[in-house]
Amino acid sequence: MVWGAAVALVVMAFACLWRTNAGPTLEDRILAVNVVGTKALITLVLLASIGGHGFLIDAAIVYGLLNFIITIAATRLIETGRLRGGTTS
Amino acid sequence: MLEIAAGLLIIAGAFFMLVSALGVLRLPDLFMRMHAATKAGTLGAALVLFAAALLFGQLAVSIKAVAVFLFLLLTAPVAAHVLGRAAYYAGVELWSETVLDELKDCYDRTSPQHGGPVMDRAGKIGAESRPRGDC
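Sequences listed follow chains W and P, in order. To convert a position in the first sequence, counted from 1, into this note's numbering, add 43. To convert a position in the second sequence, counted from 1, into this note's numbering, add 326.
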């Protein structure tokens, strides 16, 4: 059953990849990448609980962190046209 | 007993993740898709993470699974807010049958800055780009 859920989540992630291709706006693509990242995180947690591999939970933590940073950085880039809020450029 | 509870949680969580994936695929505009992806997606993730925390025998790993859930609970609304804000300023079109847009008179979404706040070099928002009127 845990295997079934993991496979279903992978299928859902690939289905959401269609939205990254179809758009129609840039924000849609960012949202779809975020959703795919969340589904991959949950798949990692399920795989960890299947095999009893605790280290996959650490990988899931890093995945969630990267997912958040990617969303924030890409959104800031398209909203303000730059990544840095400092004094240069 | 524990495994039955974890199984039910996993089934419920996978169902909510399915709802969020269907919403991302099928709903008509970006903001509705964000509605599906953030709420249903976070709830499904939370249920599956609690199930995984139950299934793990070791306390340390279970605590890490709960930590992932807390992190997701903190970051998903922030990411959704930032994305929705950027999309609204950038003039992403609402669904044609939208009945209420309370921010419609606040920002000029056709201006060169797309109605969004103009930032200076320090990243501060200038007074000239505050929302108009009573907003």
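Hints in this document: simulated from the structure, not taken from any laboratory. Treat the hints with caution; some may be incorrect.
Each pair of labels, with its calculated beta carbon distance range [as the list claims (entries may be wrong)]: (1) 417/P <-> 61/W: 21 to 29 Å; (2) 64/W <-> 400/P: 40 to 48 Å; (3) 97/W <-> 420/P: 42 to 50 Å; (4) 421/P <-> 61/W: 14 to 22 Å; (5) 428/P <-> 60/W: 18 to 26 Å; (6) 341/P <-> 57/W: 36 to 44 Å; (7) 115/W <-> 392/P: 39 to 47 Å; (8) 66/W <-> 383/P: 20 to 28 Å; (9) 404/P <-> 63/W: 33 to 41 Å; (10) 115/W <-> 353/P: 43 to 51 Å; (11) 94/W <-> 341/P: 38 to 46 Å.
Residues of chain P placed beyond 10 Å of chain W at every Cβ, according to the derived structure [claimed, not checked]: (12) 327; (13) 328; (14) 331; (15) 346; (16) 381; (17) 390; (18) 421; (19) 424; (20) 426; (21) 427; (22) 428; (23) 429.
Using N, Cα and C, we set each Cβ at its ideal position, and we do this for glycine too.
Tell me the hint numbers this structure goes against, listed in increasing order.
Hints 2, 5, 6, 7, 8, 9, 10, 11, 15, 16, 17 contradicted; others consistent.
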